[in-house]
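Engineer: Assemble the whole structure, with the sequences as input and the hints as a guide.
Chains as they are written, first to last, in the numbering used here: chain A, 6 to 130; chain B, 6 to 130.
The hints are simulated quantities; they were obtained by calculation from the structure and are not laboratory data. Predicted model only: the values in this text are computed from it and were never measured. Treat the hints with care, as some may be off.
Heads up, the list lumps identical chains together, so a pair's fine if it works in one copy or across two of them.
As the list claims (entries may be wrong) - DMTMM-like mimics (lysine to aspartate or glutamate), calculated; alpha carbons at most 25 Å apart, straight line: (1) K9 - D32; (2) K117 - D78; (3) K19 - D78; (4) K106 - D14; (5) K76 - E120; (6) K105 - D45; (7) K117 - E130; (8) K9 - D111.
Each chain, written out:
2 protein chains.
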Amino acid sequence: MTNKLSPQDVELLKEPQIANVATVMADGTPQVTPVWIDTDGENVLFNTAKGRVKHRNLVRNPKVAISVVDKADPYRILIVRGTAEFVDDGADAHIDALAKKYLGVDSYPGHKADEQRVIVKVTPE
Amino acid sequence: MTNKLSPQDVELLKEPQIANVATVMADGTPQVTPVWIDTDGENVLFNTAKGRVKHRNLVRNPKVAISVVDKADPYRILIVRGTAEFVDDGADAHIDALAKKYLGVDSYPGHKADEQRVIVKVTPE
Chain A
6 MTNKLSPQDV ELLKEPQIAN VATVMADGTP QVTPVWIDTD GENVLFNTAK
56 GRVKHRNLVR NPKVAISVVD KADPYRILIV RGTAEFVDDG ADAHIDALAK
106 KYLGVDSYPG HKADEQRVIV KVTPE
Chain B
6 MTNKLSPQDV ELLKEPQIAN VATVMADGTP QVTPVWIDTD GENVLFNTAK
56 GRVKHRNLVR NPKVAISVVD KADPYRILIV RGTAEFVDDG ADAHIDALAK
106 KYLGVDSYPG HKADEQRVIV KVTPE
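Structural biologist: Here you go:
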C-alpha cells in the first residue's frame with residue numbers, strides 16, 4: 006500500500022506489466038480484470054471503453070484497487086487503492102500509446118468505431 | 006468468466022502463476038492482493054493466514070473474484086468469481102506444497118508460530 010508513488014513504483018508502471026483492477030459490482034461483490042497500465046508520475050492510469058463492466062462499476066462506485074506484479078519478479082509489487090476519475094480528452098491517443106508500449110504497434114488494434122474510450126485516473130490514497 | 010474449470014484452466018492453475026484475489030472491505034471498497042494459486046481440479050484454492058485483511062474481508066463477505074494471467078502470455082487468462090469456503094484441515098501442508106511449487110523448497114519459509122493458516126476454496130459460479 007502506498008499513498009504516493011515512489012520512483013520504483015513509477016518505474017514498474019512504465020514497464021509493460023499487466024495490472025489487475027478490482028471494482029465492486031452493483032450487488033456488492035468484487036470484480037477483477039487484467040489491464041494495461043500507465044502513469045503520469047503521480048497517478049495510476051488505465052484505459053477502458055465506456056459501458057464495460059468495470060467502467061459501469063466505477064461510475065456507480067469509483068473506489069478501485071490496483072495490483073501490479075512484475076512478471077519476472079513476484080516480490081516486486083505495487084498495490085494502489087484510490088478513487089477513479091474519468092478523463093475523456095486524449096483517451097484514443099492514450100490507448101494507442103498503450104498499444105505501442107505493450108504490442109509495439111502505432112494504433113490500438115482492438116478499437117471499435119462504436120466504442121468510446123476513457124482514461125481512468127487513480128490517485129493513490 | 007467461467008462456471009466450471011476447463012482442462013486449460015486447470016493447467017494454468019497448476020503452473021506457478023501469480024493470481025490476484027479481490028475482496029470487499031468493511032466500508033464497501035475493493036481490495037486486491039497477489040497470491041499463490043492452486044486447484045483440486047474443480048475449485049480454485051489459495052492459502053492465507055487467519056486475521057489478514059483478505060481473510061477478515063472474506064469472513065464478513067465471502068464473495069471473491071480471482072484473476073490469473075500467464076506471466077508469459079497476457080492473453081492466457083482465467084477469471085473466476087465465487088464464494089469462499091474455509092478449510093482448516095491440511096492448511097499447513099498446503100502452504101508447504103505451494104512453497105514447493107513456487108519456490109522449490111520443502112517447507113514454507115514465511116511460516117510464523119503464532120499464525121494459523123487456512124485454505125480458501127472458491128467454486129466458480
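Engineer: A separate judgement is required for each hint: does it hold in the structure or not?
Structural biologist: Evaluated hints:
1. Taking identical chains as interchangeable, the C-alpha atoms of K9 and D32 lie at most 25 Å apart only when they sit on different chains, with a minimum of 22 Å there against 31 Å within one chain.
2. Proximity of K117 and D78 under a CA criterion of 25 Å is satisfied inter-copy only: 23 Å between copies versus 35 Å inside one chain copy.
3. Taking the shortest alpha-carbon separations for K19 and D78, both the intra-copy value of 16 Å and the inter-copy value of 19 Å come in at or below 25 Å.
4. For the identical chains of this complex, K106 and D14 are intra-copy neighbours only, at 17 Å inside a copy versus 28 Å across copies, given an alpha-carbon limit of 25 Å.
5. In this assembly of identical chains, K76 and E120 lie within 25 Å of each other by CA distance neither inside one copy nor across copies; the values are 30 Å within and 29 Å between.
6. Taking the shortest alpha-carbon separations for K105 and D45, only the intra-copy value of 16 Å comes in at or below 25 Å, while the best inter-copy value is 39 Å.
7. In this assembly of identical chains, the alpha carbons of K117 and E130 never lie at most 25 Å apart, being 33 Å within a copy and 30 Å across copies at closest.
8. For a Cα distance limit of 25 Å, the shortest separation of K9 from D111 qualifies neither inside one copy, at 31 Å, nor across copies, at 38 Å.
When the structure is compared with the earlier hints, violations turn up for hints 5, 7, 8 and for no others.
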